[in-house]
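Using the hints, build the complex out of the two chains.
Protein chains in written order, with full-length UniProt numbering: chain A, 1 to 352; chain B, 1 to 324.
Just so you know, the hints here were simulated from the structure itself, not pulled from any lab data. Mixed in with the good hints there might be a few duds.
Output of the computed footprint for chain A on chain B, the stretches with three or more beta carbons under 8 angstroms from beta carbons of chain A [claimed, not checked]:
id	region
1	76-89
2	121-129
3	158-165
Just so it is clear, CB atoms sit at the ideal spot from N, CA and C, and this is done for glycine as well.
This is what each chain is made of:
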Amino acid sequence: MSDAQTTQIPVTVLTGYLGAGKTTLLNRILSENHGKRYAVIVNEFGEIGIDNELIVESDEEIYEMNNGCVCCTVRGDLIRVVEGLMRRPGRFDAIVIETTGLADPVPVAQTFFMDDDVRSKTRLDAVVALVDAKHLPLRLKDSREAEDQIAFADVVVLNKTDLVTPEELSKVEATIRAINPAARIHRTTRAGLALSEVLDRGAFDLSRALENDPHFLEAQDDHDHHDHDHHDHDGHDHDGHDHHHHAHPSDIHDVTVQSVSLRGGEMDPKKFFPWIEKITQMEGPNILRLKGIIALKGDDERYVIQGVHMIIEGDHQRAWKDGEKHESRLVFIGRELDAERLKKSFDACQAA
Amino acid sequence: MPTVAPLDLDGHCVAAVFLGDVPHFALADGTIHRLDHGHKTAQANDGLLAAFHDAADDRLITGGEDGKIFSVTAGGNAAELASAGKKWITSVAAGPQGAVAYASGRIAFVRFADGKTREFSHPRSVEGLAFSPKGMRFGVARYNGATLHFPATDGKPVELEWAGAHTGITFSPDGAFLVTTMQENALHGWKLADGKHMRMSGYPGKVKSLSWAPKGKWLASSGAPAAIVWPFSGKDGPMGKAPLELGTRGNAMVTSVACHPSQDVVAVGYDDGMVMAVRFADAKEVLLRRPGKGAITSMMWDKQERRVAFGSAAGDCGVIDISA
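Bound conformation, chain B alone (with noise of 0.2 angstroms):
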């Protein structure tokens, strides 16, 4: 049975994540929490709005209403790495030798490890952000479509459109397909080696939560009550092809979904609080949480494949242990 260490903190949760085997959980108010040998805290921003894991470097990029953008390692070292003026940082990303990008306004900032930075402005908003996993690109999902930049050189961007506002973005872990998330109940995608569209409709609420499967075979997502998990190991993607629906349930919607890191399973967090484990191919369910105070907004596996740290809206985190 797996067990629960529950962590309760007070605010919204933006990110849970493993930092150096610690689990660290990053709040709306800037604080982070850890919990590592008792419950410890530091500071990054004063007001924390997007947060992204950075797998290569161990550590969580982190932006906020005071403008600045922060690298947080294991031990819940806070570090101020950029600040770009008084606006809000709405997006940021993390990319191959230790780039991050991060986005104010109609601006998109990319700082290189040695620090030097490069602004890429756009027309309309910069809503999401993301980097290619190969080569030194990056996507900004914007009004009508996404954009890829190459910040290392003085290429031209790449324009992907498709009618309607683009909120989130990510790129498949072979780098050979985009898929945005947008303001309407869809995702949208586009096969890079030719722009085939892509629409994956038919959510009942707008998609907050992707996660990749393992090699990229599936992509998981949030808003429904069910995890939507798409195929994409064809070469078209999941174009003609239903999408499985793991962990339905009648009274609650799927806010977070975390792929595990070698498997075919993905961990399925609800409105409610309630975290399931779904295997694709069965859809065998096992229940890792009960219910709880909020809904799940951030969800990961730690390397060993053996705890999943969750964060809710309500602040009601923790750290669930599946082999126990």
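One chain only, chain A, in its complex shape (with noise of 0.2 angstroms):
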């Protein structure tokens, strides 16, 4: 890692629905001694009763790109005003963003990949989405936000669990998974959770992101896992499923998010990437998320990728342990998503 990118400030973006428990997470980040300083970028003063000059108010502004891509948005009041922040950038270790109810993730997430001048000083480093577990259900059917902030997300924060039976704790949790089975998921009460399970995470650096995750897309084949709260992944592996692939938009009411989960052994890379160029390029306002880890033939180190919309990012991750197994693994997360197509395609781009 350069000396540049050690230097980007780091971003978190929370999410989720008003009541849900971003104003007493927020408020814990800000007065809670945990040694590092916040900038905090909020829509509206008012709910926060910590008088902090580093918390500022910033009107949700989602700019479309002139480039002929509708899901080419940014967030130009975030441009702006992380712009003047960073100007006097010794007043804060991180930056947090709390977007609005209704807000779209996206627009917020791409700001950090697509302004150069953002780029260069910050690195987004996770989007966190709360969730009341106990309307959940409800915001799921009367909204396409919520949905999208959770299939959005890589860390969710299921709060609020006192107000839920255990059962219908678990259905919350399936509903959660079936949208988004590469966030990593906490059972909180009163948003108490460690505040190092959703700072500082290095999400969406691709070096540490899967490294965080050693069991991606390797724990949700059973939907029904009985998470704990803390969710550390209990270390069962669920091997043995070659190319093991499943999409599953509707087995869940009023779910339209859907995941398709890829896995293959060594892939051609003359194959892969472009494949991958060509489905992001075609399918792109269709996929919110998708992450991977692949194993390129004739390369020693593992290859992680992970995009949002049209943007993708890849890198070499680190090199293959001994005896670790040569697998591709590849998640994408958004709508009208066609498994079949994809399977095959990506089957196609294995190596011979």
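What follows is the structure, encoded as structure tokens:
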């Protein structure tokens, strides 16, 4: 990692409906003694009862880029606020962006990839979605945003678990898992979880993202997976499903987002890269997130890849360990994804 | 040979200007430094975000994180002009008859010399502000175009549309053209008489600095490895004409431009801190300052046309004397 990267300020995006617990979590971030200083960008002052000069109010401004691509949107207000904050960088160690309940997380995230100035000074750390365990089923019925926020998250804080029965809770969690098999889920009451679980996660840092999540795309096979509070992946591997894939948009009511998980062996780089390029160009508007670990034929390092709509980034992560299975895993989260076609074309990229 | 009197400050310089022939440097922390028989300091905003040099009144208008507007005059006298609540002031401008405009979120305010203030609400954020040199009229850069207001009357605003996010705005010195900087790497212009569009694109980076040459014959811009200078002497502006590319360097980007007050010469500041002066006629270059610590953010010529004040993102500011 270069010096430029290490001095980039990490940015955490908090999404979630009104009442899900964003303010509680923000107040904890601002008041707890964790030795770090945060600049916080909010849509409205007021609810945060803390007087802090580093709380900045900003009007949500979604700007479409003039390049003919409808999914290329950025948050113009964030470009300006981040630029202003970064002119006096000594004041804080990290930035937290609180979005409104109805906010689309995509333009927020894309700002950190598409704007050169923002990108040079900051890095998107993680998108954290707060979910109200009691009201999520209702939210999913009446809006698409609630689903988008979960689909887009790296970390889901399933809050207010004390207000539901254990059965309701496992149902809600299964729903979240169905929308987003790649996210980490934490069950909480009063947003009470270690702040290290939401801050400085490096979820968009390709060299760290999957290292944090060694069981990426493995634990999702069992849907009623009994996660405990604080969800330490419990270590049992689910190997032996070669070329396993599945898509599940409809088994849970009110869920329109689907995920397509693909697995395969070593990929032919001459086939894989043109394929992923083409898929993201053609299916970009339907793809909310994609994440994957790719084994490339003749390459002794793991290749990690991630994307937001049409933006994809990939890099070598680390050498394959001795005895580690050279396996490729890729998950698409989005809408109207053709699972069969994705699987077929993915399989066709495998090295002979 | 030009000589440089350095002034090493701690922080991002938002504006380097001459007030009453004294160089002043406004930093992002709101301190105003000046070289006036030694280094002296005054305080304006608590967090300074935007600054505009008001040549007619020989003052610097600043806006900041504290929601306040200050007027800074020679000798470092900083006086609060207005306050607009807790939101950041993201853009300021000065106009005829002592009028000042400032933006907070989606509202543009105009404060007249007598202290009276008017508000202009917009459906989207006010990204940039500029007064027309003639008449009481100001322009707002916004998403999908620009809006012209007539604050002295109740005249209906004029909407100029062009898809995309417009972030900055300037009128030509004769008031005939309006030019905006955009979120994408381009400028857009309108000929105000007939609303004709002018597309000025092809920049590898965002354009953040614009400067009109004397009589508005040229518009110099940053955002490329050279100063891109568009001809505006024809009645249709730069349409169908190629811009000049001055001070081209292979390994650095131009971040600031400042046209000479009377001659067709531009001071060009780069992202490595170098400053050159380049003549339009033959593209002849003179090195004014070697690379420094940070990108040049602001420059201004003095009235005697002898000195250039410059500021940088890293705080290594100074004054270049070209007569020495």
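Checked hints:
1. 76-89: Check passed, 3 qualifying residues.
2. 121-129: Holds: 3 residues of the region 121-129 of chain B have a Cβ under 8 angstroms from chain A.
3. 158-165: holds (count 3)
The earlier numbered hints are all upheld by this structure, with none contradicted.
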